[in-house]
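Peer 1: Residues per chain, in single letters:
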Amino acid sequence: MLKQRDVVSVDDIETDEMFAIFELAKKYENLLKSGKRISDFESKIMATFFYEPSTRTRLSFESAMHRLGGSVLSVPEPKSSSAAKGETLADTMRMASAYSDIIVIRHPLDGSARLASKFSSVPVINGGDGSGQHPTQTLLDLYTMWKEFGGFDKLTITVLGDLKYGRTTHSLIRMLSRFKANVNLVSPDTLKMPEHVISALPKNFKVNVTGDLNAVLPKTDVLYVTRIQKERFVDPNEYQGVIGAYSINLETTQEMKKGSIIMHPLPRIDEITPDVDETVNARYFQQAANGVPVRMALISKMLGVN
Amino acid sequence: MEENNKSTLKVSKIRDGIVIDHIDHGKALKVLSTLGISGGEEFTVSVLMNVKSKTMNSFKDVVKIERRVLKKVELDRISLVSPGATINIIKNFEIERKFKVEIPDSIIGIVKCSNQNCISNNKEPVSAEFRVESKNPLILRCVYCDRTMIQPEICHKI
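In order, the protein sequences belong to chains A and H.
For the first sequence, my numbering assigns the number 1 to the initial residue and increments by one for each residue that follows.
For the second sequence, my numbering assigns the number 1001 to the initial residue and increments by one for each residue that follows.
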């Protein structure tokens, strides 16, 4: 079980553990709706270290811990922490694990969460490491699909956008590769899914790499749209070349099959126009809301209370 | 006889030391640099490049180093530069032991990650660490950032 283990990559979560998280998340969702108070974690403390900007991930983790009855310690600004004085991440983690029961970290460097887990004596959750992975986003993404479709086999999922730097897409296809899902990867040429992500997938899991959204849209059950990760471009000219390369609007939704949904890890910039928000396809706000019960369930499993 | 002499390699046998044979041609200098041998040492180093190989049916490099032993980490380094290399340990002009280098399953502290954004390239108290995903062709995967590296990138990062 997940008790006292780290969740740095989706590989750290077994498939049966993921479904157990979903079942518990559903219970928490109902409890939250009923307004009942949960106090299972009154003596537990979560420390959050966000070295990169975050709104949803940070708020939903902190909300999840508060909703479980626990407390949260957080560094408001990395500039005000010891990292600004040159302290290594290793030392920060050693110290933080003495102050808390569980740690959530987001950091701009790839592999930072793996390093954090090596030096922390309490479980570490990766809240996003550079252009590496974002496993808890994948949990809530798949929870959203699971609630909608009941499973992933035979589902056609089209992932659109910045597949090179978008860490949510890296974790997503890695987890989807455990199922018999059909995955289309649609992106501009310069933002294709990196080879190191594709090569890590099981050999029998095939993805369809294309630049043509229209060709795959009519058969798509889930259109997963991502933002172009402006902050990760080394070459500003490369960014200029892909601005506005794709946009989902009302016309796009008319090409989609009945019952299909549109997801987005948010924030969005202009890749989904606001008029899509009111369509029957839009699920991105519910998806973001699912972040709280899913993270409550994950924390609960990792701390071993449920 | 004179004709035969002309076709003989003019490198004498070593008394004690090592002969690194079957190095991929053109990699001898890289092997020496990974062993930290720059030429200023007090022992004799012979380098043969682009020698006709009988077993490989192609060209190879050979390095002979007098009065030198190899540590495990040095054997691992050689295996990454030239996976087909063989080591001959020489004692009193005779081959005492002969074996092929072997690529280990994990590589720690030998190769730097080619991803500049990897935490292992930052000022942290860890060595770069890789899992060997494939030995032929050689593919390393970083334990931290998950990036893969292949030749000749691996050679450059040793």
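Derived from the structure by calculation, the hints contain no laboratory data.
Computed from a prediction, not measured in an experiment: that's the story for all the values here.
There could be a bad hint or two in this list.
With a Cα cut of at most 27 angstroms, we get these calculated DSS-like pairs of lysine-lysine [what the hints assert, rightly or not]: (1) LYS219/A x LYS180/A; (2) LYS147/A x LYS33/A; (3) LYS118/A x LYS154/A; (4) LYS85/A x LYS1091/H; (5) LYS1135/H x LYS206/A; (6) LYS3/A x LYS44/A; (7) LYS1112/H x LYS1091/H; (8) LYS118/A x LYS1013/H; (9) LYS118/A x LYS1098/H; (10) LYS192/A x LYS1123/H; (11) LYS147/A x LYS257/A; (12) LYS85/A x LYS3/A; (13) LYS258/A x LYS180/A; (14) LYS1123/H x LYS230/A; (15) LYS1135/H x LYS203/A; (16) LYS1135/H x LYS1112/H; (17) LYS118/A x LYS1112/H; (18) LYS1054/H x LYS1013/H; (19) LYS1123/H x LYS1091/H; (20) LYS1112/H x LYS85/A; (21) LYS1112/H x LYS192/A; (22) LYS118/A x LYS1054/H; (23) LYS147/A x LYS118/A; (24) LYS147/A x LYS26/A.
Peer 1: Now, for every hint given, state plainly whether the structure supports it.
Peer 2: Hint-by-hint comparison with the structure:
Using a Cα cut-off of 27 angstroms, the hinted pair LYS219/A and LYS180/A holds, with the two alpha carbons roughly 15 angstroms apart. In summary, the hint linking LYS147/A to LYS33/A is supported, as the alpha carbons are separated by about 16 angstroms, within the 27 angstroms threshold. For the suggested pair LYS118/A and LYS154/A, the alpha carbons sit about 38 angstroms apart, so the restraint of at most 27 angstroms is broken. Restraint check for LYS85/A and LYS1091/H: the C-alpha separation of about 55 angstroms exceeds 27 angstroms, so the hint is violated.
Between LYS1135/H and LYS206/A the CA atoms are separated by roughly 24 angstroms; this keeps the pair inside 27 angstroms, and the hint holds. A hinted pair counts as satisfied when its Cα atoms are at most 27 angstroms apart, and LYS3/A with LYS44/A qualifies at roughly 14 angstroms. Taking the CA atoms of LYS1112/H and LYS1091/H, the gap is about 35 angstroms. The hint is violated against a cut of 27 angstroms. Annotation: proposed proximity of LYS118/A to LYS1013/H is violated, straight-line Cα distance about 49 angstroms (limit 27 angstroms).
Our distance criterion of 27 angstroms between C-alpha atoms is broken by LYS118/A and LYS1098/H, whose separation comes to about 39 angstroms. At most 27 angstroms may separate the alpha-carbon atoms for a hinted pair to count; LYS192/A and LYS1123/H exceed this at roughly 30 angstroms. Distance hint between LYS147/A and LYS257/A is fulfilled; the C-alpha atoms sit about 18 angstroms from each other, no more than 27 angstroms. Of the pairs offered as hints, the one joining LYS85/A and LYS3/A is violated, with about 34 angstroms between alpha carbons and a cut-off of 27 angstroms exceeded.
Taking the CA atoms of LYS258/A and LYS180/A, the gap is about 21 angstroms. The hint holds against a cut of 27 angstroms. Of the pairs offered as hints, the one joining LYS1123/H and LYS230/A holds, with about 26 angstroms between alpha carbons and a cut-off of 27 angstroms not exceeded. Proximity of LYS1135/H to LYS203/A is assessed by CA-CA distance (about 17 angstroms); at most 27 angstroms being required, the pair is judged to hold. At most 27 angstroms may separate the alpha-carbon atoms for a hinted pair to count; LYS1135/H and LYS1112/H meet this at roughly 18 angstroms.
With a CA separation close to 19 angstroms, the supplied pair LYS118/A and LYS1112/H stays within the 27 angstroms bound. With a C-alpha separation of about 19 angstroms, the suggested pair LYS1054/H and LYS1013/H falls inside the 27 angstroms cut-off, and the hint holds. A C-alpha spacing of about 44 angstroms is found between LYS1123/H and LYS1091/H, which places the hinted pair above 27 angstroms, so the restraint is violated. Our distance criterion of 27 angstroms between C-alpha atoms is met by LYS1112/H and LYS85/A, whose separation comes to about 26 angstroms.
Between LYS1112/H and LYS192/A the alpha-carbon distance is near 25 angstroms, which keeps this suggested pair within the 27 angstroms criterion. Distance hint between LYS118/A and LYS1054/H is unfulfilled; the C-alpha atoms sit about 49 angstroms from each other, more than 27 angstroms. Taken as a hint, the LYS147/A and LYS118/A pair is broken in the structure, with Cα atoms around 35 angstroms apart against an allowance of 27 angstroms. For a cut-off of 27 angstroms, the pair hint linking LYS147/A to LYS26/A stands: about 9 angstroms separates their Cα positions.
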